[in-house]
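Asker: Spelled out from the first residue to the last, the chains are:
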Amino acid sequence: MNIIITISITAFLVLYAGLFKAKKALLPLTLVGLFVALGFVCASWSGNESHFGMMQTDNFALAFSGLCIAGTLLIFLLTQNYFSAKNDNKAEYYTLILFALAGMIMMVSYQNMSMLFIGVEIMSVSLYILAGIRKNDFASNEASLKYFLMGAFSTGFLLFGIALVYGATGSFDLDAIQQHLIDNKAVSPLFYPGVILMLIGLSFKIGAAPFHFWTPDVYEGSPTLITTFMSTVVKTAGFAAFLRLFSGAFAPLHDFWVAPLLIIVCLTLLVGNVTALFQKKFKRMLAYSSISHAGYMLFALVVLTKNSGGNVFIYAGAYTFASIIAFAVLILVKQKTGSDDFESYNGLARKNPLTAFTLTVAMLSLAGIPLTAGFIGKYLMFLNVMQEYQTILVAFAILNALVGFYYYFRVIVAMYFKDGQGVELNTPLQYKVVLVVSAVATIVIGIYPDVILQLI
Amino acid sequence: MELLILLFLPLAGALISLFPGKQSARYGAFAVSILSLAWTVGLLLRFTPDATTQFAVDYDWISQMGIRFHAGIDGISMLLVLLTNLLVPLIIWSSFGRNIDRPAAFYALILFMQTGLLLVFTALDAFLFYIGWEAALIPIYFICAMWGGKDRVKVNMKFFVYTIGGSLFMLLGIIYLYLQNPERNFDIQAFYSLNLDRSQQSWVFWAFFIAFAIKMPVFPFHTWQPDTYTTAPTQGTMLLSGIMLKMGIYGVIRWLLPVVPGGFQDWTPTVIVLSIIGIVYASLIAFKQKDGKRLIAYSSIGHVGLIVAGIFALNTQGLQGAMVQMLSHGINVVGLFLVTDILYNRLQTNKLDEMGGIAKVAPKFAAVALIIVLGTVALPGTNGFVGEFLLLLGVYEYSLWAAVFAGLTIIFGAVYMLRMYQKVMLGQTNAATASFADIKGSEQAVLYIICLLVIVLGVYPKPILNLTEAPVQQLLEQVNQKLSLVK
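Sequences listed follow chains C and U, in order.
Under the working numbering, the final residue of the first sequence carries the number 456; numbering is consecutive throughout.
Under the working numbering, the final residue of the second sequence carries the number 487; numbering is consecutive throughout.
Everything labelled a hint here was simulated from the structure, so no lab data went into it.
Every residue gets a Cβ at the ideal spot worked out from N, C-alpha and C, and that includes glycine.
Mixed in with the good hints, there may be bad ones.
Unchecked claim - In the DSBU-like style, the derived pairs of lysine-lysine whose C-alpha atoms are separated by at most 35 angstroms in a straight line are:
#, chain 1, residue 1, chain 2, residue 2
1, U, K351, C, K418
2, U, K364, U, K288
3, U, K154, C, K351
4, C, K351, U, K158
5, C, K432, C, K351
6, U, K158, C, K281
Stated by the list, open to error - Far from chain C, some chain U residues (derived; all Cβ distances over 12 angstroms):
#, residue
7, A51
8, V153
9, G427
Just chain U, same shape as in the assembly (with noise of 0.2 angstroms):
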């Protein structure tokens, strides 16, 4: 019953939403996204964090298909819902004071998503998966669609039919995995208990990985984000890049590595070597970027390909890496953003070339910003650094060459950041930044709740990995004992 609350509870504030006026459906649909927030912060004060799922619902939903409304929460869970719950309170604020076209529509949809997105992070039925999955795509397309740039149509076509394409296949390897289940359910402990051999394990991966390689995205299937990211409304690119960006993570941690095994680590070396070349291609190409939300879309590539190294190498520091990375990126990428947008609002540009001297002019949005670019590159005393340490010594432990080479992805991105960070603050100021006003109100208090963040998750990680810890163990003890019996 709690379960049922946080997830439907951002839909009903969806449907109340659409109704009322202007001012009112931002107010509304931002006290309903913190309401979401306080039932969380509840629910996870009542939370064991032991590797038991919590909260579960299970309901009879289509009988006669095998489908079941089977949803609860683990660590692993928990920790995403948190990450869910927090971002879309902090992005529907950071969105007062713009002036957004049918701002009923605009909240409707975010919090038509957000329940999308909750149900993909606790669902234990794999068609419910899949609806959630779906259910969180559609709106992010009318977001991005009708609220964003020049050629927002034809770039976010692409976006769509790339994903929905992915998902279809992932659709597909849902379909043989219920054939294959003499219960003939999609309950994911009868996924679990399944055993396919080899090369049927081999293909049902593919079918799985693509969807969320698309998703994440891992080179090559990166080719639709950076457009999708430049020309998205700012709340748009946050959502995506904050929270949907962590879906085809999820997957990969919660249906494609317990389910097959056997075709994960066959295929282990190939997405290794594919997330590395993602990394150093980002990174470079971030580096040649003279548009700021450009480079911070490339640089989003480079850190999830860290990510995805650290959970292929399977092994307790790299998934936890994973873990707290996934929502150290997500705050993160959600300041950075939310930095450009303050910075286009004010300069109607996003070219890193006509700005400079900010500093001067603004120093309170200078300091937040460099929290936030220091959270990014990783220093120590920061989120970034916990989750990046534990990332790299993950793969340090597959294979040392893995980690010096996905070790750029710190390299590097100091470079490009601290460069994007002197072209924009640092120097002189020229006729347009010279009346640049500092941050003040809604973006003021996001930004430093965001650098709170930053900081106290850098200092003190601990809450958050002994939250995925014990899920983690258990998932790798899963995984060991059924590589065993794999034919």
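With the rest of the complex left out, here is chain C (with noise of 0.2 angstroms):
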């Protein structure tokens, strides 16, 4: 409760110090707003406190909570020159991203249903106006809308399925569910369609296929801050929402929704491998290997162990600093060819090698190349569903990974092995600090995931 209450009133704070022209303070207050916020979650940490019913802060909220902290803050730290002299709103940006967090952290931590709805169109609500901030640019407009129709549609399938479930069941509240479909082995044919439902439902949201369609759009038309924050922290929000109610409460029927739930997974890693290896501008190309990497995510619920939540949660944490990292070096070629082709990081890797050299991290890590985050990440997902032996499953994932090693190393050959002129980017303090922490993060994890496996 405390964490929320502390990003609101940054929140407000932000705002006001916006109102009143302090643009100085904005990030500082940010980010003592966002450390407060994390010391909170150490504080109450193994905790395990019950909010009135609504929200339980056990370590798994609490771990995915500080998940998106993190990687909020690391977000924020790469507004340094990214908005123009005479850009105004530059604090409603500010406040946006701490309510679209605010909403995450329910997300994460809701015990009754009702507050998943409340945290999730707390989130969405701010990510519509976020993606269409820049008023003028027409691609902007066009992801604000497009996700505003589709955001629309999907709420729309979840409160159904919600409003369906709770009429099977009688509760909102998720151990109430899981204790109805315990105790009684014919359940109302009711809650079947609301399973289906709300698993669409949560699918749109994570950018599952075919409930992707929106993603490269809105990814590549929203700005790219915007773009990094939503493949990143809001994905992870969105799957530890997933996890919540798929491995807890609707655990008992296990058996129903698996197979909707492998179909999802196989077009997802299908569908998200194959089009990236496609495309030909780097942001596009995140935003479809973005799909990819929920596909192996949803492993974690094929096959239900005690460990899911641990698996999902660096799976989770590979895939959001390897990402920042990507966003961030995206960003500052764009600021300086004015492109993001592969074409312009030709010969990055001769005049910026630091840069290059995190990058390179990150695409390693993204695709799973053991020493990296990464790779812990992905073995755990495989590790994961071959406990029921579903070799196929991985062999498929084996083969969609070997996709993944061409579009991925498509930017390292490009930064390393092409001739190109090579421009030299101006890198910012604050970006290098986001650059080297994140790889630093994505090694340690990769050499040592036993801290972080011990966590949840």
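Given two chains presented individually in distinct reference frames, assemble the corresponding complex, making use of the accompanying hints.
Answerer: Take a look at the structure:
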């Protein structure tokens, strides 16, 4: 609870600071607020406190809250030199991101399905505005409209699903639903369409195929900073929400919903990887690759174990750090060359060794090469589904991972092996901090994941 | 502790050599590699050649997943550690006098790879083995793709996807074995004591064997190899053919044969036929090659085919032959690639037709090249002979006809290698070769050392055979015992 209150108060303070034109104070204020929130996460660790039956701050919730806050922190650091001088809605950016974060904290710690809905809405409404915050940019408007329409639809699915589940079980509470399913062998037929509708609604939110159509356009059209936020932190929160519901409340009916889930997983892997292969722009490639990562993360739900939460946490952490590096470099390259085609990365390594090295680490991690966090994440996912000997699914995932190597390595190839004029990027200090911190985190988790695995 | 120094000395060297200037990176890397060779020799002197694992280290690593940092050295590992740490200094030395762009990165990657290779050869935990396996692949990919020749990006992407694809299936096999293991760990002894039924063994065999077969490479998994060897920088080719190829062979001996002997036995005829097809096929193609580097690449497929056939024959001679031949092939192939590098450096071509008469103008070069070529074609008295003789003996014990066809390597090899030597060294000089400068400096030193090894190991191979005899015997006993239990 403290976490949400801190973040919300920070958001209001930032809004007022913007009103009084205190532009210099925005970033420090936000960072202080987020650090305090992180402090609360640590302070309430292992507390497993219940908040009026609406939210449960168990370790799962706290770990994902911490990850979301840390990711947001890194993204805020990327705002240096991002805004042009005359841009005067900087405070709105900050405030809306913080509001979205508050919504996400609810999504990762809800105990009652009404809180899930409220959290999703707080997050989504902020994001609709953020996607379209460049009022005069056609692509940004398009992204906002698409995101809004699709998002409204998916929320509709979600809400309808919640209503049907409530009708079948008589409760919004996760534990009560689970107990009802365990106690009653023959559950009301209303329950099944309810689960399917919720599955669809949440798949929309995390961008899993075949409900992924909004992702590429929205990611491409939105301001890059917002795309970074959407594809990392927002996605992580979406997964946590997914997991809380399906690995807890709906777990007794695993046999029923695993079949549609498997279809979603396979389609997501295939569509994400194959389409990413044909992209010419780095940003669009990252959008499709984020779809494919959603597929790998859903592996945790195919076979439910007590480690599912921890596995998704590692995967989401690995993915967040690597993606933040990729988007940070994307912002730098685009500022300098005005384009984000793969060609603009040619010969980048010669004059920017640090940037090129961190981006290489990020790409290796996304591709799942050993000694990076991404490998540990993929390994855990494969291990998870192999426990029920889903060998064919893993073999299919391996083939998809091979496709992944092609497109992730394209940017490494461009930076190191292609001769280009090799522009010298001006990398501000905060960017360097973000790049180095994320790369170090990626390698440390890759070599010694024990620290994190013991968390959940 | 001794082993940790052995494993991580190159890695430390890699980090250090990233920082200083151009020349010091070169000498720094060389010094580190010499130091690790000296350390290996020190370990070798304290090593007792019996079947036990020595210098073992065993630490908790990722306790949540049952992964331990468990490594140790027995005779077979010792041989490959020796091969690695002997060849790396030679490979680095051979690059002296060559102009290398971004040298710090180049040498750092070589040393990084050395640590990966040593991990593979000493790991006693399957997960650690896998990590080492990939840790050796990443640097060689960058070496080949960054400093390679024409088409390097495309060729190396194929190489990378091929090898990592194979190893991901191996990872699937490792996970399967882990889940079958009631103790839920990756320990090699626990894997050895698993008792899977025939069909399980069969698919685990293929999950591992494809990874190993791609690395070696065995026909029909070889298609990445000639292009990659040809476009890679010489040092990259030497690392690939001299050391990296042995990862696959070592993997078969350490992780495939004792873990799933039933699968191994069931698929022996298939693999022997594949390797013999590879021998004949590669030799015929080598015969037609006009490019020297490509010719050696194909000849390497042929030699590896014989080693694989020898191992799958599953008897003492075959396995001991494989051991000696791993060492000999590593030394000889590095020598051959250095010879082609010297030719290319002087003449700017790899085409055999554009050479000739070099023996007249560069007698020292011609003499050492002859010794290496004779070692490769397995002339008695050279190191190649000992290994190939034992391998053929092993294959003969398995089947006469297999031995007849496998023996073709020696005949074919003699034909194409000597024909290459004749085209390059003998005959009339042409405009380009008339001014061919004889070897000197580091080229000369490296080639002399290689020639010395060719002859010494050929005349007196006993220390090597002694080193591996006890573990090979133990391996065979273990396999036979386990085979009698398979359902």
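Asker: Now look at each hint and say whether the structure bears it out.
Answerer: Okay, the hints, checked on the actual structure:
1. Using a Cα cut-off of 35 angstroms, the hinted pair K351(U) and K418(C) holds, with the two alpha carbons roughly 27 angstroms apart.
2. A C-alpha spacing of about 28 angstroms is found between K364(U) and K288(U), which places the hinted pair at or below 35 angstroms, so the restraint holds.
3. Note on K154(U) and K351(C): the hinted pairing holds, with a Cα-Cα distance of about 24 angstroms set against a maximum of 35 angstroms.
4. Between the alpha carbons of K351(C) and K158(U) the distance comes to roughly 28 angstroms, so the proposed pair stays at or under 35 angstroms and holds.
5. Proposed proximity of K432(C) and K351(C) is supported: the alpha carbons are some 15 angstroms apart, at most 35 angstroms.
6. Taking the CA atoms of K158(U) and K281(C), the gap is near 23 angstroms; set against the 35 angstroms cutoff, the hint holds.
7. With a minimum CB-CB distance of about 31 angstroms to chain C, A51(U) clears the 12 angstroms threshold, and the non-interface call stands.
8. At the 12 angstroms boundary, the C-beta of V153(U) falls inside the reach of chain C, the nearest C-beta of that chain being 5 angstroms off.
9. With a closest Cβ-Cβ approach of about 39 angstroms to chain C, G427(U) is found to remain outside the 12 angstroms limit, as its non-interface label requires.
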